Amino acid sequence: MPDNGLTRALQGLGRRVTDRIWRLGFAARFLLATVMYSGTALRRFNLTIREIYFTGVLSLIIILVSGLFVGMVLGLQGYDTLQRYGSSEALGILVALSLVRELGPVVAALLFASRAGSAITAEIGLMKATEQLSAMEMMAVDPIARVVAPRFWAGVISMPLLAMLFSAMGIFGGYLVGVQLIGVDEGSFWSQMQASVDFREDILNGVIKSFVFGAIISWIAVFEGYDCEPTAEGVSGATTRTVVTSSLAILAADFILTALMFRGA
Amino acid sequence: MNRATLDLWVGFFVAIGLAALLFLALKVGNLASSNVGETYQLQAEFDNIGGLKVRAPVKSAGVVVGRVTDIRFDPESYRALVGMKIDARYKFPRDTILTINTSGILGEQYVGFEVGGDTEMLKNGDTVKKTQSAVVLEKLISEFMFNKAQDEKK
Chain A
31 MPDNGLTRAL QGLGRRVTDR IWRLGFAARF LLATVMYSGT ALRRFNLTIR EIYFTGVLSL
91 IIILVSGLFV GMVLGLQGYD TLQRYGSSEA LGILVALSLV RELGPVVAAL LFASRAGSAI
151 TAEIGLMKAT EQLSAMEMMA VDPIARVVAP RFWAGVISMP LLAMLFSAMG IFGGYLVGVQ
211 LIGVDEGSFW SQMQASVDFR EDILNGVIKS FVFGAIISWI AVFEGYDCEP TAEGVSGATT
271 RTVVTSSLAI LAADFILTAL MFRGA
Chain B
829 MNRATLDLWV GFFVAIGLAA LLFLALKVGN LASSNVGETY QLQAEFDNIG GLKVRAPVKS
889 AGVVVGRVTD IRFDPESYRA LVGMKIDARY KFPRDTILTI NTSGILGEQY VGFEVGGDTE
949 MLKNGDTVKK TQSAVVLEKL ISEFMFNKAQ DEKK
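Chains as they are written, first to last, in this note's numbering: chain A, 31 to 295; chain B, 829 to 982.
One chain only, chain B, in its complex shape:
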């Protein structure tokens, strides 16, 4: 086989290989949607984050508006510090309440924004203190059992 044909085939091979990577990145992976333009950073303190993970979605009214970027433990207040990257197109009032919800019974956990009515908006670097912890199923069950036992004693 002469060199031109050889080069052509190898070029074709490399091109479809890179096209496969592009397909994986854009159609299969989240490269297209993960870094959309400008973002700003928010922090929130939670009593209990349950099974929340880094990269979990942040949703408001069910729409993804950001991602969890880091989760740390604050040794002074003994609470969890959750850092979030929010799409700069969306602004939220200062009295927004953050909750940790679960999508479905076995689904992943996400941070939900319950929007408040304040006229001032949250800015880059703000910390939200008004939060609601994740629902821990074991706690719910034990409370339910405890109440049940109390009722029976009466």
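Next up, chain A with everything else stripped away, as it sits in the complex:
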């Protein structure tokens, strides 16, 4: 075979494609193993509680503050557009529906991926680089059950709670700007919101979304950490990949879930 630039480029492309597919298969097998070995994480629940503290509680500040500001911006922008059509009372609907259906789950998930997902990857990656994971295996402790599964479940549990807090905070922000600052009528702000936000159709679907996002982020984060090269560059590369891959995966999954849930009655 002639060894020229074209062949080498094609070989490189082929290797990259097979590499991706191989990694996807490995990631799927890894998810299965995590779920199968999660008995320990659920039986010794304080392991998981510890991780909920690090992923959920420590993300509270960023989630609450961003939620408040996103809601305030929605209030301003929504009012600006709605008052042109003389329907500024619909501000409550606009703020509540956009937060509960989309922005709450999606923006909270993106923040969660960069705040907690990257930390999980870095932690597990560093454990691998300093051979703590091999040491555990040597002591007959399964690192998937002891290290990976608690972090995975902590993410799955924290994400819906954070998304709901984000939505609630955002609606409060929209209320602050819309009612207190601009002076939209308070009664119609809340009553129009209540009349058109449905608990099952809108709120529960948002919770389901954030649940799926939590599973996706946690899966990618623990997998990248577990799979990373045990070097300093390897850990930093894996951390970056966690944020990039999970952000893209969240947006893609959001499209699919939205298409399934909100077809329009």
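Keep in mind that the hints are not guaranteed to be accurate.
To be verified - Reference listing, derived: stretches of chain A covered by chain B, where coverage requires no fewer than 3 residues with Cβ under 8 Å from a Cβ of chain B: (1) 79 to 87; (2) 141 to 155; (3) 203 to 217.
Stated by the list, open to error - Some chain B residues flagged as far from chain A (calculated, every beta-carbon gap over 10 Å): (4) A853; (5) G890; (6) G911; (7) Q937; (8) V943; (9) E971.
Hints were generated in silico from the structure; no laboratory data involved.
This one's a predicted model, so the numbers in the text were calculated from it and none came from an experiment.
Beta carbons are placed, not taken as given, at the ideal position from N, Cα and C, and that holds for glycine.
Position chain B relative to chain A; hints supplied.
For chain B alone, kept in the frame of chain A given last:
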């Protein structure tokens, strides 16, 4: 950090998370008002329901007294069958006329009850036949144009 503090923080986190869900459900959503006590089922046949949707309100004198639960097409009479859940506190006479109205020009459509004078009341499972179709704007405009053209010919 010791375990008690950790548990306390996680407990606090879960509690405010659930409080947020409660806030969304009761203050933002319609969970508080959607299933108020007992209801009874009514059906109505319409020639044309326009843009009426499931979960649209049923109003009498402007007050919400129920919700539309299902909309079907009757292949025998070629009419629309609209099922409604009415609050059991409110009874309506048998000769009540059902209309489909629009709130505002661009607002949502709802079923309106024009209350009649019969002494007998509608019961669970009854079908109302006296109905008035939704106003379809295109039809109105075309009729208006047609009449206008007729007038000009004369």
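**Message:** Can you confirm whether chain B covers the segment 79 to 87 of chain A, using C-beta to C-beta distances below 8 Å and requiring at least three such residues?
**Reply:** Holds, because 6 residues of the segment 79 to 87 of chain A bring their Cβ atoms closer than 8 Å to Cβ atoms of chain B.
**Asked** Holds or violated: is the Cβ of E971 (chain B) farther than 10 Å from all Cβ atoms of chain A?
**Response** E971 (chain B) is indeed farther than 10 Å from all Cβ atoms of chain A, at 28 Å.
**Request:** Would you assess whether G890 (chain B), listed as outside the interface, keeps its beta-carbon beyond 10 Å of every beta-carbon in chain A?
**Result:** Nearest chain A Cβ is 14 Å from G890 (chain B), so the label holds.
**Request:** Apply the coverage criterion to the segment 141 to 155 of chain A and chain B: a residue qualifies when its Cβ sits closer than 8 Å to a Cβ of the chain, and three qualifying residues are needed.
**Result:** violated (count 0)
**Message:** Three residues or more, CB to CB closer than 8 Å: is that satisfied between the segment 203 to 217 of chain A and chain B?
**Reply:** It is violated, with 0 qualifying residues against the three required.
**Asked** Beyond 10 Å from chain A, beta-carbon-wise, is V943 (chain B)?
**Response** V943 (chain B) clear of chain A: closest Cβ-Cβ about 23 Å, beyond 10 Å.
**Asked** With d taken as the least Cβ-Cβ distance between Q937 (chain B) and chain A, does d exceed 10 Å?
**Response** holds, 12 Å
**Item:** Given as non-interface: G911 (chain B), partner chain A, CB spacing beyond 10 Å
**Value:** holds, 15 Å
**Message:** Please check whether the beta-carbon of A853 (chain B) is more than 10 Å away from every beta-carbon in chain A.
**Reply:** The assertion about A853 (chain B) is violated, with a minimum of 5 Å to chain A.
Of the hints listed earlier, those the structure fails to meet are numbers 2, 3, 4, in rising order.
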